[in-house]
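Here UniProt numbering is used: the first residue of the sequence shown is 1, the next is one more, and so on.
To be clear, the hints were calculated from the coordinates, so they are not data collected in a lab.
A virtual CB, placed ideally from N, CA and C, is assigned to each residue, including glycine.
Watch out, some of these pointers could steer you wrong.
Between beta-carbon pairs, the in silico distance windows are [what the hints assert, rightly or not]:
no. : residue 1 : residue 2 : range
1   : 199       : 172       : 30 to 38 Å
2   : 125       : 179       : 33 to 41 Å
3   : 203       : 128       : 17 to 25 Å
4   : 73        : 207       : 54 to 62 Å
5   : 135       : 207       : 28 to 36 Å
6   : 172       : 202       : 27 to 35 Å
7   : 121       : 142       : 13 to 21 Å
8   : 139       : 217       : 14 to 22 Å
9   : 187       : 124       : 39 to 47 Å
10  : 148       : 121       : 40 to 48 Å
11  : 151       : 172       : 32 to 40 Å
12  : 172       : 217       : 16 to 24 Å
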Amino acid sequence: MELSRNTTPYYSLNTIGQALLIEALLLGLAFITFTGIFNENTPPQDVSINLVMNEETKVVKPPEPPKPKVVPIVKPNVPKVIQSQDVPVTNQPADNLVKETVSSNISSRNESPAPTEASVNKPDPMAIYRGQVNAAIQSATSCSSAAKDMNLKGKTRVQFNLLDSTPSATSVVNSSGIPMLDNSALNAVKNAKYPKPPAEFVGQTKQMSVLVNLNCSD
1 MELSRNTTPY YSLNTIGQAL LIEALLLGLA FITFTGIFNE NTPPQDVSIN LVMNEETKVV
61 KPPEPPKPKV VPIVKPNVPK VIQSQDVPVT NQPADNLVKE TVSSNISSRN ESPAPTEASV
121 NKPDPMAIYR GQVNAAIQSA TSCSSAAKDM NLKGKTRVQF NLLDSTPSAT SVVNSSGIPM
181 LDNSALNAVK NAKYPKPPAE FVGQTKQMSV LVNLNCSD
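Turn these sequences into a full structure, and let the hints guide you.
See below:
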C-alpha cells in the first residue's frame, strides 16, 4: 500500500509533462502554420519605379518655300468662224441663166457711179516742167574745137537751182571723167533758154538735176 502511494504521483507528473510538451508542440505547429498562411495571403506590394524619360527633341521643320503666284491665263478673244452653208443649186435652164447674167451686168453698170475729176489721171505739171528744162539744156550744148578734134563724148550730171527762168548754184554731181565735157555741160545750163514755169510754180525756186549727153565726134 505504501508503494502504490509513492508511485502514483510520479506517473501523474510524467503524464502532465508529456501533455504540456505535446500542447507546446501543437501550439508551435499552429503558430508556424498560421504565420505561413498569413504570409501567403498577404498580397505582394507594388514597387513603383519612377522612370524619368528624356523629353523628345523637337524637330524643327524647314520653312516652306514660297508658293508661286498663279498668273491667270487670259484667253484671247478668238473670233468665231461662221461656216458658210452651201446653198443647193437648182438646175435652171441655160436660157434663164444667160438672161439673169445679162440683167445683172446691166444693173451693175447703171448703179456704178460716174467717174469724178479726181479719179482721172492728170499729168504732173512738175514732171512736164522738168522735161522741158532738160530739153532746153540739151539743145544748148556745144563742144569746143579741142573736144571736136579729139572726138570726145560723155555724160555729165549737173545740179542747179531754177527760179522762173534764171539758173543758179550750178555744180557737177556726176563727172564724165573729161573736164572739157563737164565745162561744156555747165555752159549749157547757163546758156539754155528755159520755158516759163507753170502758174503754180511762178516765183518759186526749184532744184533741178539734169543728165547732159555730149557727143563731140559728129
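Residue 179 and residue 125 - C-beta distance against the hinted 33 to 41 Å: holds, 36 Å
C-beta pair residue 139, residue 217: status relative to the range 14 to 22 Å that was hinted: Since residue 139 and residue 217 have Cβ atoms about 18 Å apart, the given range 14 to 22 Å holds.
Distance restraint hint 40 to 48 Å, applied to the beta-carbon atoms of residue 148 and residue 121: For residue 148 and residue 121 the Cβ distance comes to about 44 Å; the hint holds.
Pairwise beta carbon distance, residue 172 to residue 217, judged against the given window 16 to 24 Å: Holds: the Cβ-Cβ distance is about 22 Å, inside 16 to 24 Å.
Whether the CB-CB distance between residue 187 and residue 124 falls inside 39 to 47 Å: The hinted range 39 to 47 Å is violated for residue 187 and residue 124, with Cβ atoms some 29 Å apart.
Range hint 27 to 35 Å (beta carbons of residue 172 and residue 202) holds or violated: holds, 28 Å
Residue 142 and residue 121 - C-beta distance against the hinted 13 to 21 Å: violated, 38 Å
Assessment of proposed distance window 17 to 25 Å (beta carbons of residue 203, residue 128): holds, 18 Å
Outcome for the supplied range 32 to 40 Å, where the beta carbon pair is residue 151 and residue 172: violated, 22 Å
Verdict for residue 199, residue 172 (Cβ pair) under range 30 to 38 Å: holds, 32 Å
Range hint compliance [Cβ, residue 135 to residue 207, 28 to 36 Å]: 18 Å Cβ-Cβ, so the 28 to 36 Å window is violated.
C-beta pair residue 73, residue 207: status relative to the range 54 to 62 Å that was hinted: Given about 59 Å between the Cβ atoms, the range holds.
Violation of the numbered hints given earlier is confined to hints 5, 7, 9 and 11; the remaining hints are satisfied by the structure.
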